[in-house]
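Colleague: From first to last, the protein sequence lines stand for chains B and F. Add 177 to a position in the first sequence, counting from 1, and you land on the number used in the numbering used here. Add 177 to a position in the second sequence, counting from 1, and you land on the number used in the numbering used here.
It is possible that part of the hints are untrue.
Some, not all, of what chain F presents toward chain B, calculated at C-beta under 7 Å [what the hints assert, rightly or not]: (1) PRO194; (2) MET260; (3) ASP263; (4) SER290; (5) ALA294; (6) GLY322; (7) LEU445; (8) PHE448.
Don't read these hints as lab results, they were simulated from the structure. Using N, Cα and C, we set each Cβ at its ideal position, and we do this for glycine too.
2 protein chains.
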Amino acid sequence: MKDYIKEIEAALERYLPQGDYAEQRLIDAVRYSLALPGKRVRPSLTLAFAELCGGSVEAAIPFACAVEMVHTYSLIHDDLPCMDNDDYRRGQLSNHKVYSEDIALLAGDALQSMAYAAMLGDEAVAAVGGERAARAARILAEKSGLIGMVGGQAIDLSMEHREVGIDLVRLMEEKKTANLIEAACMMGCVVGGGGEEQIKAAGQYAHAIGLAFQIVDDILDVTSTAEELGKPIGSDQENEKNTFMSLLGMERCRALVKLLTAEAVEALSAFEGDTSGLADFAEKLANRRK
Amino acid sequence: MKDYIKEIEAALERYLPQGDYAEQRLIDAVRYSLALPGKRVRPSLTLAFAELCGGSVEAAIPFACAVEMVHTYSLIHDDLPCMDNDDYRRGQLSNHKVYSEDIALLAGDALQSMAYAAMLGDEAVAAVGGERAARAARILAEKSGLIGMVGGQAIDLSMEHREVGIDLVRLMEEKKTANLIEAACMMGCVVGGGGEEQIKAAGQYAHAIGLAFQIVDDILDVTSTAEELGKPIGSDQENEKNTFMSLLGMERCRALVKLLTAEAVEALSAFEGDTSGLADFAEKLANRRK
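Turn these sequences into a full structure, and let the hints guide you.
Modeller: Structure follows, in structure tokens:
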């Protein structure tokens, strides 16, 4: 996959209001979380699928930024005291530790609306047309919403301190983690001019790498060292969390990651262009050590 | 203004997922707040302006519901302990008192995405076209977002326990209260097929009644009784809040309400149809006792 990080980060900055505003502290809070160092996986996937379908990076940038804005809002709200109560995010203080809880709540809310303003702005609509812009934005709204990513968060809350089966863990992770990655890839196809078959295939690729990503996360929480991972290990077991590892064990988890990665690579056959970068990316996710 | 409440409430219910979901508690929380008894002012304005511009209620309903969903998310988040910490809303327990803080946070987040899914759904786009749907959704995103409604909330937080001037109070209320009403009215014109002049006039009408509404609120907090108002009075003074009343006094507040109401009625002259209902509504807001 091409390195799109610089273009994405420059574009994110351009969506922030410039000049004097009475709500400057809120704008600073939004900028703080958008600028945290990250791999920008989701928006990069949007751009990669847009290019694969024959679209331009320029036309797809508002949609890529929108995915990152929604991802960022979900992290800010996830870290709040009433949720995971995390003081750190990517090695830096979490938003509410820097700006207080009330501003962090509002920063998340504002980021969600910024995502739709970006996708439905004059430039974005002029570049891809009203129908495609609307469809891409709807995919993001559905995949990130009540029975998508946010629904996955609610299922996760409902699983605390009780035993559940693997089907519910899988459903929770499909919603909480995979759904936004699906949106990222499908939106890229939509705005890049891909056909229905390609949009569907992008969703399959994303679903597979999204689940594999989460299973590898669960494995590393057991097998890695805190130094290698850059965050505490063993926390899932300590918190008696229901995970793929706790329910399936190492061997079946590794087999599942292999299977999902093969599924992801297979889905790429729906595209005519060069998909080697996306195939490599799936393999890298499966074999990552941190 | 026509009584649209039944149509709006029936449509809001239709946007909720039916059937079995693992995130049922979250869906219940969303339904709870959407179903709280209310006057449905904002979505009614969307429908009224859509009809005034020659559009149908049916085509405008997704946009009206979207405005109410955004309004409802803002109330849920506003009541949270880290914000106003209110236990009651419209005489009923607030969302987080019934469903706990974490679910209330997620319910607000989900309502925001539901709004965009509604406006950009197949039915909505088929009825008004992709360009208009995208434009209406963008208006909502901008007016409710970082330098709109959410920005107004942030300014409000920044004003606590310090003296500020009337300009900042006015700016805060323009953003926090008037902006969403502006979105409601302008979106009605956009989806109803109104021209640029009409969209602008709808925004002026909304801006004027939005500000007047807030000033009347401030007046009633001083002049009304708790029984008449159905909520505690005198809370602004007790909390040393900066309000139109504390900064301008009764006489100038009453004059301002009169001026704004005249401005609202004047703005309606941009429309050819029957605007008497909307003019009456502005007068009623100005003369309300609760």
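Colleague: Against this structure, judge whether each hint is valid.
Modeller: Going through the hints against the structure:
1. PRO194: holds (5 Å)
2. MET260: With a closest approach of 6 Å, the MET260 (chain F) hint holds.
3. ASP263: This interface hint is violated because 14 Å lies over the 7 Å limit.
4. SER290: holds (3 Å)
5. ALA294: Because about 4 Å separates ALA294 (chain F) from the closest Cβ in chain B, which is inside the 7 Å limit, the hint holds.
6. GLY322: Since the shortest Cβ distance to chain B is 3 Å, the answer is holds.
7. LEU445: violated (28 Å)
8. PHE448: Nearest chain B Cβ about 25 Å off; hint violated.
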